[in-house]
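Participant: Here's the letter readout for the chains.
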Amino acid sequence: MTTSEKASEQTADQIRADVAAEIAAIAAKPITIAKALNMALRAAMEIDDKVLVMGEDVGTLGGVFRITDGLKKDFGEHRVIDTPLAEAGIVGTGVGLALRGYKPVCEMQFDGFTFPAFDQIISQVAKMQYRSQGAWQMPMVIRIPFGGGIGAVEHHSESPESLFCHIAGLRVMSPSTPADAYWMLRHAIELPDPVIFFEPKRRYWEKGVLDTSVDPGTIASSIVRREGTDCTVVSYGPSMPTVMKAATAAETEGRSLEVIDLRTLSPLDLGPVLASVRKTGHLVVVSEAPRESSITSEVAARITEEAFYSLAAPVLRVAGFDTPYPPSKLEELYLPSLDKILDTVDRSLAY
Amino acid sequence: MTTSEKASEQTADQIRADVAAEIAAIAAKPITIAKALNMALRAAMEIDDKVLVMGEDVGTLGGVFRITDGLKKDFGEHRVIDTPLAEAGIVGTGVGLALRGYKPVCEMQFDGFTFPAFDQIISQVAKMQYRSQGAWQMPMVIRIPFGGGIGAVEHHSESPESLFCHIAGLRVMSPSTPADAYWMLRHAIELPDPVIFFEPKRRYWEKGVLDTSVDPGTIASSIVRREGTDCTVVSYGPSMPTVMKAATAAETEGRSLEVIDLRTLSPLDLGPVLASVRKTGHLVVVSEAPRESSITSEVAARITEEAFYSLAAPVLRVAGFDTPYPPSKLEELYLPSLDKILDTVDRSLAY
Amino acid sequence: MAPDRWIKNPDADPSLDGPGTSGVPSAEHMVRGLRQTAQGEGLVELLSPEGELSSHPDYPLDVTPDLLKGLYRDMVLVRRFDREGNALQRQGQLGIWVPLLGQEAAQVGAGRAMKPQDMAFPSYREHGIAWCRGIDPTELLGIFRGTDHGGWDPKKNRFHNYTIVIGNQALNATGYAMGQRFDGLVGNNDPDRDEATIVFFGDGATSQGDVHEGMVYAASFDAPVVFYCQNNQWAISEPVETQSRVPLHQRAAGYGFKGIRVDGNDVLACLAVTRWALDECRSGNGPVMIEAFTYRMDAHTTSDDPTRYRLADVTEAWKMFDPIERVRVHLTRSGWADDDFFASVQADADELAARFRAHAVGLETPPPTRIFDHVYSSPNPQLERQEREFLDYLEDFSDGDGPDASSGGASLAGTAAGANAVGGVL
Amino acid sequence: MAPDRWIKNPDADPSLDGPGTSGVPSAEHMVRGLRQTAQGEGLVELLSPEGELSSHPDYPLDVTPDLLKGLYRDMVLVRRFDREGNALQRQGQLGIWVPLLGQEAAQVGAGRAMKPQDMAFPSYREHGIAWCRGIDPTELLGIFRGTDHGGWDPKKNRFHNYTIVIGNQALNATGYAMGQRFDGLVGNNDPDRDEATIVFFGDGATSQGDVHEGMVYAASFDAPVVFYCQNNQWAISEPVETQSRVPLHQRAAGYGFKGIRVDGNDVLACLAVTRWALDECRSGNGPVMIEAFTYRMDAHTTSDDPTRYRLADVTEAWKMFDPIERVRVHLTRSGWADDDFFASVQADADELAARFRAHAVGLETPPPTRIFDHVYSSPNPQLERQEREFLDYLEDFSDGDGPDASSGGASLAGTAAGANAVGGVL
Ligand SMILES: Cc1ncc(C[n+]2csc(CCOP(=O)(O)OP(=O)(O)O)c2C)c(N)n1
Ligand SMILES: Cc1ncc(C[n+]2csc(CCOP(=O)(O)OP(=O)(O)O)c2C)c(N)n1
Ligand SMILES: [Mg+2]
Ligand SMILES: [Mg+2]
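Chains A, B, C and D supply the protein sequences, listed in that same order. Residue 322 in my numbering sits at position 322 of the first sequence, and the numbers go up by one each step. Residue 538 in my numbering sits at position 187 of the second sequence, and the numbers go up by one each step. Residue 1018 in my numbering sits at position 316 of the third sequence, and the numbers go up by one each step. Residue 1474 in my numbering sits at position 346 of the fourth sequence, and the numbers go up by one each step.
Keep in mind the hints are simulated off the structure, nothing from the lab. The reader is advised that the hints may include incorrect statements.
To be verified - If the Cβ cut is set under 8 Å, some of the chain C residues that face chain D in the computed set are:
#1 E915
#2 V918
#3 R953
#4 R1035
#5 A1045
For every residue, glycine included, the Cβ atom is placed at its ideal position computed from N, Cα and C.
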């Protein structure tokens, strides 16, 4: 290590300490998911000046959801980049920046506007490491605010995560709490692999406390959110609060639900789900995404394969219908709801 | 009906009769899947002059697989259109032509080159009927030669069908025999819905006899290809011949496999699969596509849900690994093979 | 040494490039952006901001009192219901509204240039084109109230559904225009029967691959399509210079067709140039690109807060170029219209606004079955089963309070404000 | 009335448009296509097809005997191993080969214009660029034999992996160039340290949205990237006029940067123009587009049959413009090289070809574990399990004959020929 490297090492340590102090300072009071994401970006940019933020309206405006608020002001327009209006361009130039040693964090403005970038994601982002046998890495994060329930027009409420779960080479994550939002995004940015980071836009303003004692090794693994004995309910992202409420409601009816948050949707970490199902014998999977050929199909198929003799009932799903996302006045009927979940748990227990 | 309409009706009848005669004439001798597809396009174009063929190199060259061979010569460059090299363009202008009353049959040159068109397919092709509450229809076929086993370079051997199965509004089909290739493509062109038509490129040169007594109502439904009692094996497209051979091999070992060809991958027609599983109690699903969040997950999840008490073993899958498609010298290891299928059947029966 | 002409910002302040750039663009930054796109070859103009009429050798127009009065009425009515849309959203009656304020001339000029047999492909802001195509403004409301993804018959009026995914419609329109040509309805020297297509998109959209591919295909197939770009200087918060160093109409030459830049706040110029372009297309000389140089006077949508990214004084400055005012001035000064005329237009506008409001408020949520309608052209068992099971499930609750349909349960109340705030981001 | 300049084919034979068009383009059709793209602003040329040297005021080049002899050697060696690639495929040693025949000057000129610190993004035909970047030709073989998706270290030589999805690399290169600028390695007046990027693509690729977006981004961010389009007149079976009405370099002006058209069969012109363009980029005046006007003398790939779509006599005619011959003529006529030189180059070429062949034949199939390597940067349980189960499964057969790995079983034999025939379609 040269002296200059050592010096910058020290500075990096100093920055890391500052960031930790910052977090500790606000860790006491609850913050929103939106704020947590903003803080995570800020911390990552402070620690590593190769981290860039790029996308439509992420600079001066701070993003249509204000997730990048204030970053351009503090880090400048070469690190917080308002791009031309073209998503293939955002991801495709992001790939080039990653090859150059940067760590781009790309924002797709909405779920439904990710598809122009799909080719670059499948053909370059996902396959670059494999193609080059690791000569290139692809330290890139693509942030996608996803899901419905915000009363928006078409294309603004979709849940396309299953499409990305099908693509080898991508990691797909979705946080459901402010603490996870913060630490998972930090983790995603540090990973040398590309991460498609699905943010539950409907939950941007829900609050929680930042947990500072986090193990980076497991931050993106599946986690038991609530212990229970009668039926396991697995979900992720925007449906998690609904599931948690269903579990509370079920308790008053004398049913004990074990709730698991997947956090990483691909590659799946089904260990905790298997353990739980071996205990409860019942599994319900909850997601807004359409049902066919989806992440919920995969969880159902895998758990059935691996815990066949433990299951007292088939894995049941509460999922979006196999229709396009409906006009928003109908969306509450479309989305997983407390009653749909309880109803499905009942069906499972009735087997 | 005006007289001129009646006259053209008669002409249409005449053309239909001619086409039927043509088919009958060659129905006796076996033809390849490639030839069957070519004949289907030709017949559709003869019967309905709104049918167009468009794509890269489909005109003068007749397509890189020669599926459109001779069509430009006979129908002219306004009906067999060599497009600029841009897949979003092929599908996006295809949408416009469909709105104008045409029935475009778009060719994607290879599976891996479909993704530039993904946005148009998801955002326009799949949703146009829903968005307009049926004011528009979307009578469009997108032909995609898919799957591996041809010793090709990257992007030429992929099986992306699961991605399309996840998108509501699309019909997804894949034929496995020359007769199906012919009749299913005819059917797909006649449907007012968009059809993603996956052609098993590795099987283009396999031969079979054209069945002329076909019921258009069921041509795209799942079909039992071989009856059996011990275990059900479900597949489609390029894996079907392998599965059929496995069934023959299994017979010599005293195992009776029932084989079902899905033909339509979305929306799924699982009736025959359910009936079969209720009989055999065992199900193996075979596909080249990667496993995660895929069509094989869906079949496994649905059948388990609907035939839970009939299953003596979990639904097992023979599928692609969750990796990018490997260099071609390794592909025979990657693809479902006779032995992999037999091995998996054994595992199922051992439960 | 490179000639200056392709150097961006030759006089750029290098400090603007550094990491210290302030989050808000400076006034000079804005003005430089404007100047850069405003300069270059002159705008086609027939009616100056001061209300002076002129003529243009390439784009002749017979300006009669009736014509100008009609255009005036169109613009006033369109602006009126547009403003009502904003108000309805503020009052919680719409989830979002996409204002066109400032773009009335660009839209009415283009809309009135179309013949009945022509086809229009809008993006999402083209309420003025809808008006000219004979779509009743109330038909636009379903999308913005969340009761519908469409709302009008796109075939009857030859006005396609709104397209929200930026750029998609450029390809769809080109394909449609190819169909007009394949139908033999181009180049017959029959202006009453020959057809053309016009597609609308913004300055931001020009960056999308789809718009490029639309132009490539249109050129390759001689498609009779007019690419009508309303350069309103902004793509949400991004100034047009983020998308291009040079005026946007110059793109056309790269594909081998004509690009024209017109004063988008001059309804006569927009009418004359668009009519010319559509006629070129219908006689087989398409495609053509038009850049209507205008300004987005309001927020991007009702969910947007432009104070975060642009200076009010620039917007103020643009008021001097108001598209309606210059027509009013000319009508008054020339004596072509009197107070009665202006009063009656105002009365019509108010009546329209009232009808628009009443319709919005009365729009009802469709039945749950609508979720399952028209996914395919015919029913299929998989979806029928999902629908049946869902209706059964709803039925189960019909005796009691109904199901708790809220996907967020009680706590959503706390976030409703937040959710509303973004409900409409487009 | 529309000025003629943007009318396509003013003298087109209308009968060509009708449904009766013959499947094979006529000679006139071909020639018209050529003329159309060949006309327009003149090609930059420094060495005529007859071997005459000239100079160009904008693109100075110090042409020394050593320079020209070096370029000659490059071209001869590149052509030699390219031909060997074809032969190896014919003999079943490669699944496919993508010939560059005819494009040696376009590639060697551009490749030799690069400085060590510059970065190249090839498509799939750039074996000549690979050569100039110091990639050993044998490293290219894995892709074509099916043992690898890559094969060389893209970082070491600053030569990115081949990109097969048409157009993707235009965006990746632009992003890389943005990085060069963000790194502060542009515009320091330090030609030995300042960097630039060059991206290669074909005439067909210009239609793809990604190439457009690459140009939009490059212009917006002043990225130091040279868009180097080898217009070899064909995208598989489609003539360049399917992609564009006008010469391709004209696209650049629409984005506000410079586009230059160079004789792609003139290695000196390609060198001089590319060097100029790279220097423009490294000094902060990028991007620049270059259209190298050349001709694909061989099939698209070894799987292609050009007799189906183009006339041999056009290809014959292009032989007069051979990129190597004109250099040989000049070297001979000027006395810069003698027979010994030519003989030694030939000997080097034959030696290279032999080594190339030996390497190809010796390339072994990687172990099954390769299927699972480098999907992610670190192992994960899901994939490890799939790998373990698969290796166990293989193990089970290791005593006997091994598993029947054939996915098609016995009957595949019958189709092997067919499968081979397409094995390589690119
Ligand atoms: C593919 C896609 N990306 C992003 C968006 C989000 N979005 C909606 S409008 C808009 C800006 C459009 O700007 P412009 O094209 O200039 O049209 P204007 O809104 O100014 O009329 C953006 C980024 C979208 N609708 N589609
Ligand atoms: C997105 C995509 N579509 C289609 C193909 C199949 N394909 C391979 S090369 C080619 C033609 C390319 O032509 P051009 O850009 O002129 O390059 P050239 O091959 O002439 O060097 C096509 C269509 C592809 N590789 N990628
Ligand atoms: Mg705009
Ligand atoms: Mg080419």
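Participant: Each of the hints needs a verdict: does it hold here or not?
Facilitator: Verification of the supplied hints:
{"no.": "1", "hint": "E915", "verdict": "holds (5 Å)"}
{"no.": "2", "hint": "V918", "verdict": "holds (5 Å)"}
{"no.": "3", "hint": "R953", "verdict": "holds (4 Å)"}
{"no.": "4", "hint": "R1035", "verdict": "violated (34 Å)"}
{"no.": "5", "hint": "A1045", "verdict": "violated (43 Å)"}
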